[in-house]
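S.K.: Chain by chain, the residues run as shown.
There are 2 protein chains.
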Amino acid sequence: MARWMHAAAAASLVFICQSANADEGMWPFHGFPLDRANAALKTQLDQAWLDRVRSATVRLSNCTASFVSGEGLILTNHHCVESCLAELSSKEKSYVEDGFNARSRNDEVRCPTQVADVLMEMEDITAKINAATAGKADAAANDARKAALTQLEQDCETASRFKCQSVTLYAGGQYWLYKYQRYTDVRVVFAPETAIAQFGGDPDNFQFPRWCLDMGLLRAYENGSPVKSPNYLRVNFAGPAAGEAVFVAGHPGTTQRLLTLAQLKQLRNVELPQWLMRYSEIRGRYIQFAQGGEVNDRIVADQLTGVENNIKVRRKMLDSLHDDTLLARKAAEQEALQKSIAKNPKLKAGFGDPWKDIETALATERGLFQELVYLENAAGFQGRLAVYARNLVRGTAEREKPNASRFREYTDSALPRVEQQLGAAVPVYAELEELRLGNSLERMREWLGPDHPVVRRLLAKESPAGLAKRLVSGSKLADPAVRLALWKGGSAAVAASDDPMIEMWRSVDAEARAVRKVYEDSVEAPIRNATERIARARFASLGTSVYPDATFTLRLNYGTVQGWTENGKPVEPFTRLSRAFERATGAEPFRIPDSWQRVKDRLDLNTPFDLSTNNDIVGGNSGSPLINAKGELVGLMFDGNIHSISGSYWFDDVKNRAIAVHPAIMREALSKVYSADALLAELGK
Amino acid sequence: MARWMHAAAAASLVFICQSANADEGMWPFHGFPLDRANAALKTQLDQAWLDRVRSATVRLSNCTASFVSGEGLILTNHHCVESCLAELSSKEKSYVEDGFNARSRNDEVRCPTQVADVLMEMEDITAKINAATAGKADAAANDARKAALTQLEQDCETASRFKCQSVTLYAGGQYWLYKYQRYTDVRVVFAPETAIAQFGGDPDNFQFPRWCLDMGLLRAYENGSPVKSPNYLRVNFAGPAAGEAVFVAGHPGTTQRLLTLAQLKQLRNVELPQWLMRYSEIRGRYIQFAQGGEVNDRIVADQLTGVENNIKVRRKMLDSLHDDTLLARKAAEQEALQKSIAKNPKLKAGFGDPWKDIETALATERGLFQELVYLENAAGFQGRLAVYARNLVRGTAEREKPNASRFREYTDSALPRVEQQLGAAVPVYAELEELRLGNSLERMREWLGPDHPVVRRLLAKESPAGLAKRLVSGSKLADPAVRLALWKGGSAAVAASDDPMIEMWRSVDAEARAVRKVYEDSVEAPIRNATERIARARFASLGTSVYPDATFTLRLNYGTVQGWTENGKPVEPFTRLSRAFERATGAEPFRIPDSWQRVKDRLDLNTPFDLSTNNDIVGGNSGSPLINAKGELVGLMFDGNIHSISGSYWFDDVKNRAIAVHPAIMREALSKVYSADALLAELGK
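Going down the list, the sequences are from chains A and B.
Residues in the first sequence are numbered consecutively from 1, following our numbering.
Residues in the second sequence are numbered consecutively from 1, following our numbering.
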């Protein structure tokens, strides 16, 4: 299912990656190596092909998608639609569990917090940013860079109808302004039951062979009508052949392929183990909570799936970092670069030792890591209500500053999305809020220690669970009208509020801001400076024949349909429907839903189900179209195999495989199981 | 609280450790460096002192303890008595929560499964074992060694009234037979409430300064009467002075100070991360289960405390292994030894490359690791009922083989303890059994994969939770009479049983045995052979001026009362009662019980509470007496500071500190809070 949480990108660093393997690379559309791809695959792609694919590809808030009809119909994964389905559900009715099937346009329901972006223009702003930071010391340059990026976004949005977002590529080797057509009225059209969308559940996640109908359909609306999307991808229900050239357009979230050795060790030694312990415990709490009855099971399902997916990703990332051969390879690359710099007097001048500077900054980070995680990154304050409180306290205060001086998540460009989320009517389940907040407060006490000032203040006379219960039951922030009133009232209204959740965040905001300030000035700034120096040195020797690390911005890559060899045995690139029935146990997550059982006799059990390719994708590519050389959609990416997770750090062309839903099973399901004839007609079949 | 689970020792390897620091070392009583200790501490200990301390020290099944009166009164930690208290509790009454206070000998209640051992004699059997294995290849030598150890234990028990257990020291450099006086009638006399015994709970665990009255009193009985224990330790209620020479006698469980670099990496890369994820999830399930009401909270408390303690230990162990300086130090030591061997033709002859042999065996282990953990080590089958089923199926089958051919845990010497546990009337809570078994089956499916034959067979038509519910509700093994009947009926009775828990284990026993066989022959045997070669080389250059790794057998070490420096600030070695009241929040685990609040005015708030020393101890030393040069008990060890956890791999004399309860707070509590006047009189005050 390869879910990817967009929030993770904010703190990530970006680097230049050299494409060592034929099919490796997540190329921006302004840097796609057309000649190289055509030569490797014997295809004849041209700029028009690229333009059409670009404007057919959609970025959701959490995933990728694509237009598949001229009337705004958007195909993505079930797991990308799941949070929308959960927001539309209640204690009584779960669209996650039961699926969703709009019989007509009138039945299509707006997703409370989803957006759909289409990339329209890309502008290189590198020179402007470099001018803004020239001659400044680390921390000042860091501030100036952020201010300049905010200003350029603001100017762009003033001058155009687009949503403008800056993009840092090559660790600051390039800065771009990406301009999107944004649709904020995105409606759910179709989703199958989770039981078939995520057949095999967590045990099968990141495995192949696989049998998941991980599809969902949305539709973009504007002014109450479906948008026109003439550049859509036609679905080719026959799917691709083994060995056929295929392309994935999408938004890979984060890769860290050129972190320094010291940064990889920081992940391995500090961040990943602690994260895995924290979320393994939450997993246990969610599972046990779900045992409390059908309602509990229903309201926690979406959260639990997300947690389990992230655990699987991170534990394989940790495995990768525990693989000494990977670290040795990284060390050798680093050493080779250092040697080539030492030999080049031009590069060497003023170069300093960026690797050492990074190590120093990382030592600083270790010293403030727990406070950073628990206070500023809010690991101590989990749950929807706590997030609302934080956004209200922070957002109203930041909004009153000049745009360029604000935290980047509250600039004018970002505020409409903040407001959309504050105003969205989504369910807030008190039991789940208590669980999440209580757990996070308890772990904050564990890791900051019971004598930390914030912990002492909050928990002087209460247990974490007791405090959580009091805050959740006393807060009115579950009501969107209350949230919007505070938001509109600004910092004065927030300061006057006696909502206990607001009071709680007000009491810790200063300390959280203080930690962030130290982090930005003493960790982020010197690392940014050092990585820019490393990037420049790398650029000097390799030029733009390299691709930047993933940043949840639009990329294209190429490959072929193929399996791989596991423990000496070949893994075929296609699965078929029959085997899903054979593997079914009748119990979740290996249960084939009744809707399928009822029509089993009429199904073609030989229908291709899922397929594997060697495209280089990671989380964020979920929902990406798999495209053939003719520009047709021949698959729907939803996952990678287990080896693909180390794709965060390097691309292993021998074993790293991407996984897609085959179009044939979509047709079989829409036609025979879900009787979605109008949709099939719209899809051209 | 430093709980230490004895089971962990079974699979551990033992090595020779060189004592680098003045106060480092866990010395067996037959190898204690009297002259060196007397010189370092300016004391005059002699053999009589050693003999008296040895016969006053007690080994419990999970901890250390000591006789503190002539009438069999045994002092240990509250957390060492906690499992007994839990076994005596019910859904309605928790002695863990409320404490236990026998007003007279008649009120002392037998612990269902506890034993108390006193070490009486030690016999060197190295030559006999070496003779048994001489000239044999790895796997055959491994089998022959186990058979010889079993035979020697059997002969010893036939010839004496002692419980005889073989001990492997110096990784097979020495073999000993330890002969114990065993008491199986051990009764609980006194325990305070958990709230004060474990004040600060998990957040404070492995921290200092500290305020825990982590004490419990037991009494050994024989033929219905208290045993005579003339060699008891007199309690000196004044406690020790700062800087005073102090000694700890006890049973450190496991250290791994001379694992090879490859073995340390196996722990770091494979074992510890997976263990931490598994138990963090269980922690979450237990905490959420406890939210289900007072009864749930009560019946899971003991398990949860144990899990949290083990998590803290292992996460600091992982931190240690992620400390590159530690690994570099280990690498340097290994290299130095390799060089000294290369220079010595006598050592070099026939030495081979044991480090390489270990690496090969570890690679084999990685290939079977999940099956080993989930099947043979039963991580897939957790809970009391599953353990009973396994012991019944395995134990009855093994019992019918010749003694020397059995698994070592079912030899004649081991059987009485197996039978004691099968026959003990202890509570079995169905809800908790379902949780534990369901969770472990679910994780087994995750890690072995849904298509593993065992997983397919067990879960072909059921969910893990569904299967757990069916097995727990259908099993009769909660009844000790049912268990004993099956045990007495032998393998025929077990084969005929239709108890679903028995059926479950019967269906997987062959596969579990098969994995064990491969592990023993292809991992354990070559590693044992290789480590013996390394040990001999080390012996050759260092002799017995070194101490063996910990093996849950009796050791003595020496040190002084002292604090340390943390972040540039001194930590004083004593805490006082007043600060406990200041830190109390009123909510668990920072709640001071009513019994103390009621008499607060009468308490001397200046009473010393806990203290720290630089003795070299680890888990298993819990409950150990802290002894002064006069042979008086001046403290009760119950924990180490956070730095002590890396004591598994090395002793850091700068920061590694042991923590004890001060005798003064015991007197204050027994006198003013618990009115235990008879006990105080027996304790000589």
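Among the hints, erroneous ones may be present.
Since the list gives no way to pick out one identical chain from another, each pair is judged satisfied if it fits inside one copy or across any two copies.
Straight-line alpha carbon distances no greater than 16 Å define the calculated EDC-like cross-link-like pairs of lysine to aspartate or glutamate that follow [as the list claims (entries may be wrong)]: (1) K401 x D521; (2) K316 x E271; (3) K461 x E588; (4) K476 x E431; (5) K316 x E446; (6) K569 x D353; (7) K91 x E244; (8) K461 x E582; (9) K685 x E87; (10) K265 x D323; (11) K93 x E294; (12) K488 x E520; (13) K356 x E335; (14) K228 x E87; (15) K146 x D521; (16) K128 x D498; (17) K469 x D412.
Quick caveat, the hints were computed from the structure, so don't treat them as lab data.
Quantities reported herein were computed from a predicted structural model and do not represent experimental measurements.
S.K.: Hint by hint, where does the structure go against what was stated? Just the numbers, ascending.
M.R.: 1, 6, 7, 9, 12, 14, 16, 17
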